[in-house]
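Line by line, the protein sequences are chains D and R. Following my numbering from start to finish, the first sequence increments by one per residue and tops out at 618. Following my numbering from start to finish, the second sequence increments by one per residue and tops out at 175.
Take the hints with a grain of salt, since some may be wrong.
Below, in silico cross-link-like pairs of lysine-lysine (DSSO-like), each with a Cα-Cα straight-line distance of 30 Å or less [unchecked claim]:
#1 K469(D) with K158(R)
#2 K322(D) with K118(R)
#3 K557(D) with K123(R)
#4 K466(D) with K154(R)
#5 K113(R) with K88(R)
#6 K322(D) with K28(R)
#7 K36(R) with K267(D)
Here are the in silico distance ranges between beta carbons for each label pair [what the hints assert, rightly or not]:
#8 Q235(D) with L72(R): 48 to 54 Å
#9 G348(D) with V57(R): 47 to 53 Å
#10 T491(D) with D109(R): 30 to 36 Å
#11 E564(D) with G120(R): 37 to 43 Å
#12 H547(D) with L131(R): 48 to 54 Å
#13 E563(D) with D109(R): 24 to 30 Å
If you are wondering where the hints come from, they were derived from the structure by calculation, not from laboratory data. Note that beta-carbon positions come from the ideal geometry of N, C-alpha and C, so glycine has one too.
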Amino acid sequence: MGLKKVLTTHIEKPDSHTLAGYKAVGGYTAVAKALKDMTAEQIISEVKTSGLRGRGGAGFPTGNKWGFIPKTEKPKYLVCNGDEGEPGTYKDRLLIENLPHMLIEGMIIAAKAIDSHQGYIYIRGEFFKGIDIVEKAVEEAYSSGLLGKNILGSGYDFELAVYSGAGAYICGEESALINSLEGRRGHPRLKPPFPAVSGLYSCPTVVNNVETFCNVPHILNMGGETYKKIGTEKSPGTRLFAVSGHVEKQGIYEVELGTPLKDLIFEICGGIKGGKALKAVIPGGSSAPILTAEEAMTATMDFESIASLKSMLGSGAVIILSEEADLVETTYRLASFYAHESCGQCTPCREGTHWVKDILHKIKDGEGTEEDLQLIGALSRNMEGGTTICPLADACVMAVRPALTKFRSEFLAKLRSKKEVATVG
Amino acid sequence: MPYTFSTESEKRFQKLVPQFPNKRSLILPCLFLLQRDQGFVDHVGMEYVAKRIGDPISLAQVHGVATFYTMYNKKPVGKFHVQICANISCYLAGSDGITKKACEKLGIQKGQTTKDKLFTVEEVQCLGACGFGPVVQINEKYHEKITVEELDQLLVSLASKG
Numbered sequence: 194m195g196l197k198k199v200l201t202t203h204i205e206k207p208d209s210h211t212l213a214g215y216k217a218v219g220g221y222t223a224v225a226k227a228l229k230d231m232t233a234e235q236i237i238s239e240v241k242t243s244g245l246r247g248r249g250g251a252g253f254p255t256g257n258k259w260g261f262i263p264k265t266e267k268p269k270y271l272v273c274n275g276d277e278g279e280p281g282t283y284k285d286r287l288l289i290e291n292l293p294h295m296l297i298e299g300m301i302i303a304a305k306a307i308d309s310h311q312g313y314i315y316i317r318g319e320f321f322k323g324i325d326i327v328e329k330a331v332e333e334a335y336s337s338g339l340l341g342k343n344i345l346g347s348g349y350d351f352e353l354a355v356y357s358g359a360g361a362y363i364c365g366e367e368s369a370l371i372n373s374l375e376g377r378r379g380h381p382r383l384k385p386p387f388p389a390v391s392g393l394y395s396c397p398t399v400v401n402n403v404e405t406f407c408n409v410p411h412i413l414n415m416g417g418e419t420y421k422k423i424g425t426e427k428s429p430g431t432r433l434f435a436v437s438g439h440v441e442k443q444g445i446y447e448v449e450l451g452t453p454l455k456d457l458i459f460e461i462c463g464g465i466k467g468g469k470a471l472k473a474v475i476p477g478g479s480s481a482p483i484l485t486a487e488e489a490m491t492a493t494m495d496f497e498s499i500a501s502l503k504s505m506l507g508s509g510a511v512i513i514l515s516e517e518a519d520l521v522e523t524t525y526r527l528a529s530f531y532a533h534e535s536c537g538q539c540t541p542c543r544e545g546t547h548w549v550k551d552i553l554h555k556i557k558d559g560e561g562t563e564e565d566l567q568l569i570g571a572l573s574r575n576m577e578g579g580t581t582i583c584p585l586a587d588a589c590v591m592a593v594r595p596a597l598t599k600f601r602s603e604f605l606a607k608l609r610s611k612k613e614v615a616t617v618g
Numbered sequence: 014m015p016y017t018f019s020t021e022s023e024k025r026f027q028k029l030v031p032q033f034p035n036k037r038s039l040i041l042p043c044l045f046l047l048q049r050d051q052g053f054v055d056h057v058g059m060e061y062v063a064k065r066i067g068d069p070i071s072l073a074q075v076h077g078v079a080t081f082y083t084m085y086n087k088k089p090v091g092k093f094h095v096q097i098c099a100n101i102s103c104y105l106a107g108s109d110g111i112t113k114k115a116c117e118k119l120g121i122q123k124g125q126t127t128k129d130k131l132f133t134v135e136e137v138q139c140l141g142a143c144g145f146g147p148v149v150q151i152n153e154k155y156h157e158k159i160t161v162e163e164l165d166q167l168l169v170s171l172a173s174k175g
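For reference, chain D alone in the conformation it holds in the complex (with noise of 0.2 Å):
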């Protein structure tokens, strides 16, 4: 367990966005293997042989995701979300902007697993640099042969587009996001109907991250029982890994899954900042429920371990806070965050979030009361479980309240803090 790379082996070179950068260290061989001599049906297999689970947050089983498309006559539709923006998560733009053309031929082998000839690669509208990157891997990509008709002769056809967002981190959702890309505003969809079923311009839809498709040319070269040994039996495969926060060295690490979160502080990111002591840790991007130190040294970085923390891997971005962090005001932050991010459909959202922002704003500017903790439990209640489309209230409860809990003294500080100066003075 540890630092493992699969998908960034080749990542340093000056020209691994480029098509001859990927192929002279044997891109699009996977690509080939598909179209020419897999069926659909072997594709889906294998991946769901290699147990692959998707990348953006959830972990769903990516074979599993394709095999619900049902063989209809209608037009299918895949799209790639690549509108990374959940506080802490850039491992996205490392692909985006690095390896285009491993995105591009994991896509192609996956339109061929679900039939289908249309894609859309939809990227945050901010990552300029990386629109721009990955249109120019599309066009060479057209111009060899790798996209559109008959490509490589072998008689399929596919036909890739770049879209960009337009600065709404709700379209990572992905029946929103598909609300995007019909040219909507980005409201979540009532579900079901699940997208396999009915999902861009109602059909059939299947929506990976850009981290997940990026796997699939790898899982065909060495072979789904091959990639299945790479990490823990339940989560295989590596992780791209975005660590921010008070760690020495911050970056993106491609690690096993499995690795312990301790190794991948102490030893991959070089140990806390200025050899201060760790308070916290959110493991897996701003969504997941806060851990204290104690219990982010007993985790590893897994689907399950983390769940068994009662937090989740989400997106694979790893914030690190240190004793000198106020979780005050980091709380404050996250809960401004969806606050600004509700879309509004729902009350519960559109109101709690920004009711928990102010309450914390509050509490921060020392005006806090008990009875204000208690109203940001109250409100948690109303705003998580089911009450809303999708999970951007409760993301945001997870964000607050096991902070509010497990950091509890901090908060009750700043309530005091203000007594003690109207005492004082």
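Got chain D; can you put chain R on it based on the hints?
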């Protein structure tokens, strides 16, 4: 003169049309073309976009999209749109000092534009570059791990270009 796509935007528009089976999908990219041409999206521009995409797309639909997404500037911004990420990782890396410096240097508050219309300063939510904080996006470019001194110099050099 009423707005029409610039030559470059018209070229891009023609390339976009065949990419989507449903015309409605053109709304977001067309709003970006409009913004590329004039720096912001306004009523006249949106009317043009709706007409250009054509029936059954209405101005209301275009307006609904434009007002939902934060990247569309609904009013003019400075020549240099300074967007400072203020979320958790950038905050831990010192983004508050960057915002403070930018506002002091330019003599404006968050959300305001300088009188010479060169700079607009805004605090934004996560820019997705969390390991490289503090991050400042100026127009289309990310400036990562930026220090207060570097920002100071950058603003001076941009002002001289303005």
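Quick rundown of the hints versus the structure:
1. For the given pair, K469(D) sits about 21 Å from K158(R) by alpha-carbon distance, which is consistent with the 30 Å threshold.
2. Under the criterion of a C-alpha separation no larger than 30 Å, the hint pairing K322(D) with K118(R) is consistent with the structure, at around 28 Å.
3. At roughly 20 Å between alpha-carbon atoms, K557(D) and K123(R) fall within 30 Å of each other, so this suggested pair holds.
4. For the hint linking K466(D) to K154(R), the alpha-carbon distance of about 28 Å falls within 30 Å, and the restraint holds.
5. At roughly 23 Å between alpha-carbon atoms, K113(R) and K88(R) fall within 30 Å of each other, so this suggested pair holds.
6. Of the pairs offered as hints, the one joining K322(D) and K28(R) holds, with about 20 Å between alpha carbons and a cut-off of 30 Å not exceeded.
7. Pair hint K36(R) plus K267(D) holds up; C-alpha atoms about 18 Å apart against a cutoff of 30 Å.
8. Distance hint check for Q235(D) and L72(R): the Cβ-Cβ separation is about 50 Å, which falls inside the suggested range of 48 to 54 Å.
9. Between G348(D) and V57(R), the C-beta spacing of about 49 Å keeps the proposed range 47 to 53 Å intact.
10. Between T491(D) and D109(R) the CB atoms are about 33 Å apart, so this pair conforms to the stated range of 30 to 36 Å.
11. For E564(D) paired with G120(R), a C-beta distance near 41 Å keeps the hint of 37 to 43 Å intact.
12. Checked against the given bound of 48 to 54 Å, the beta carbons of H547(D) and L131(R), roughly 33 Å apart, lie outside it.
13. Checked against the hint of 24 to 30 Å, the pair E563(D) and D109(R) passes, with Cβ atoms roughly 28 Å apart.
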